[in-house]
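Chains A and B supply the protein sequences, listed in that same order.
The letter at position 205 of the first sequence is residue 228 when you use the working numbering, and the numbering goes up by one with no holes.
The letter at position 385 of the second sequence is residue 413 when you use the working numbering, and the numbering goes up by one with no holes.
Since the hints were made in silico from the structure, they are not lab data.
There's no promise every hint is true.
To be verified - Below 30 Å or equal to it, Euclidean Cα-Cα: the simulated BS3-like pairs (lysine-lysine) are:
| id | chain 1 | residue 1 | chain 2 | residue 2 |
| --- | --- | --- | --- | --- |
| 1 | B | 253 | A | 79 |
| 2 | B | 212 | A | 113 |
| 3 | A | 109 | B | 69 |
| 4 | B | 77 | A | 113 |
| 5 | A | 201 | B | 77 |
| 6 | A | 109 | B | 212 |
| 7 | B | 222 | A | 109 |
| 8 | A | 220 | A | 318 |
| 9 | B | 69 | A | 113 |
| 10 | B | 272 | B | 69 |
| 11 | B | 253 | A | 109 |
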Amino acid sequence: MEDLKQKLMKKHLLAPGHTACAGCGEALGMRLIIDAIGPNCIVANATGCSEIFTSKYPQSAWEVPWVHSLFENSSAIASGVEVALKARGKTGIKVVAMGGDGATADIGIGCISGMWERGHNILYVCLDNEAYMNTGIQRSSQTPFNASTTTSPSGSESMGNQTLKKDMIAIANAHRVKYVATISLANPKDLERKVKKAVETVGPSYIHFHAPCPLGWGFDSDKAVEIAKLAVNTGLFPVIEYEDGQLVKVQKIAKKAPVEDYLKTQSRFRHLLKSDDGKKVIAQIQAIADANIEKFGLV
Amino acid sequence: MAIELIEGSLAIAHGAALCRPGVISAYPITPQTHIVEDLAKMVADGQLKTEFVNTESEFGAASVVLGALAGGSRAYTATTSQGLALMLEVLYNCAGMRLPLVMCCANRSLSAPLSIWSDQQDAMLMRDSGFIMGFAEDAQESLDLHIMGYKIAEDERVQLPYMVNVDGFLITHTFEPVNIPDQKLVDEYLGSYKPFQALDPANPITMGCFTEPAYHMDVRYQMHKANLESTKVIEEVAASFEKKFGRPSGGLIRSYKLDDADTVVVAMGSITGLAEEAVDTLRGKGQKVGLLKIKTFRPFPTEKVKEALSGKKHVIVMDRAMSAGYGEILGSEIRAALYGISNQPAIDSFIYGLGGRDIHEDEIIGMINRPNPGTHRSEWVGLRPDLLEE
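Extracted from the complex, chain A is given alone in its bound form (with noise of 0.2 Å):
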């Protein structure tokens, strides 16, 4: 109990009074992963809802120093904080650099690229709520297949976004990352730990956390973290680590669950339960789950 009254009363790194929905995953996770890094640290930010419900002028939610610059580029801003912390000769600072999904994976991806080539000592976290939350709900290269977004949206033409998700952990990995993990609100303990694990990296380390949007993908506030153990025990959202390109350990899934338990819960699926055709897309969702199940030995 006093363990856990200690850790209620903690001072966090991101500070309450934030404008972010009720019940976002994406600020809890943000929340737990600051503290992981610690105070000793400098974020750059790419634009998005994470930007934007901290930095309201004149309020800031951040107790670390922190800097915005743009939507695509808070990779290659951290890659000059590192820089000139090597100029000026300042050593033990760790520079973080966080967009959201469309920041990583569509418009920030040259930015990311130049920086993991050059190996600079920076983590990079991408806060995945898999579509541009902060403009509307717009697809991006990491909307799941056949989910509604209000520029992939089901009607008697479509099942909605077509594509499969970019798989940032192959484009990690493929750039000599030298430490690339998933993380999840399904386990606190193991972001934690993956988190100061990259902390520990020197060079490049890349974390994808998978933050639920009530809003987006349409389920009630309190339900985030339960839709996130949903995402893990499908076999959707594997929880991976790979150090220097090898897997090194996964988080198995304790009780298989099958994909329509987790789309049923949002409604940018709700579409896909509604008919036959609905049923051969869960079909094939399925199969994507057994895939990553296959791939990563889940269970």
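Use these hints to put chain B onto chain A, whose structure you have.
Quick look at chain B alone, frame taken from chain A:
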């Protein structure tokens, strides 16, 4: 001090290196390449201690130097044309964040059609950015403007980025005698970089926050005001530079045989050298012609221009860029500056030298001596009638 016969790009590289930027980041693009090659070689040979960051694009390079400034380091980049266009989003951001970057632009045309040759069209992308924009006449001034650029940008009253404009090829790829200042003098003049704000875990600050309508306009006004009021700092710096290094350079405007002139050519960049020759030729024929060189385009030195041109009979503005759908750019700034003064001179404006089109002294003389002064607005010089008459 040593006078050496060197390429303009090397003079520029010396100018940047003498200011000891902690971080240099750039991406190669003609005709900027020799500048960054020279800097890279200085680093490789141990003559320059800096973090030299090669990036995947100009966008990345601009972002790296922005991050470096936020991280508390003096920073430098150089680019041109399409590279500048690709940097643009970052550069506007840099000015809005009040970060004192110095950037060299080897002025070049913008595509399409693709052309690697010189004009000042790219610079005009930056007109409304918040950058202070200096235009160099030759290799020496290109070097000097780097030193003055940091001095101005880092002044507490300014805190804005500075753009050194040098005509691509015409300055970057020609050899001129250049006086390279001693490092000691530059160190004394600039001092080490002391950022007004920097990211530091010991004193966490939030940079680049967003504003709602209740604040945005006011922050933009402060930036605009700092830019306008930098005219004072630019003049101070030109004076202190001359005192320290023993030569006049930079400033807001410079003039040539202006005092007794009744006819004045207004131009900026390397063309002012040729314009001086045209002035001398016409003076030899008894015409009272002078030259006004615009050294700083932003902030626009309205008062200085007014002062210099009031009482003149005829003003001829030379534009190495154009606003499609309107025409003159520098021309319209000069017209606006002179609007409503008593005895307003007749004003003509000419668009010349786009995409590296050659310009000769007799063409400048032709602009000055066009019949019916005051009736020529945005007239294109040196077009090919054989192509246009189809």
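Which numbered hints fail:
The structure conflicts with hint 11 only, although it agrees with all the remaining ones.
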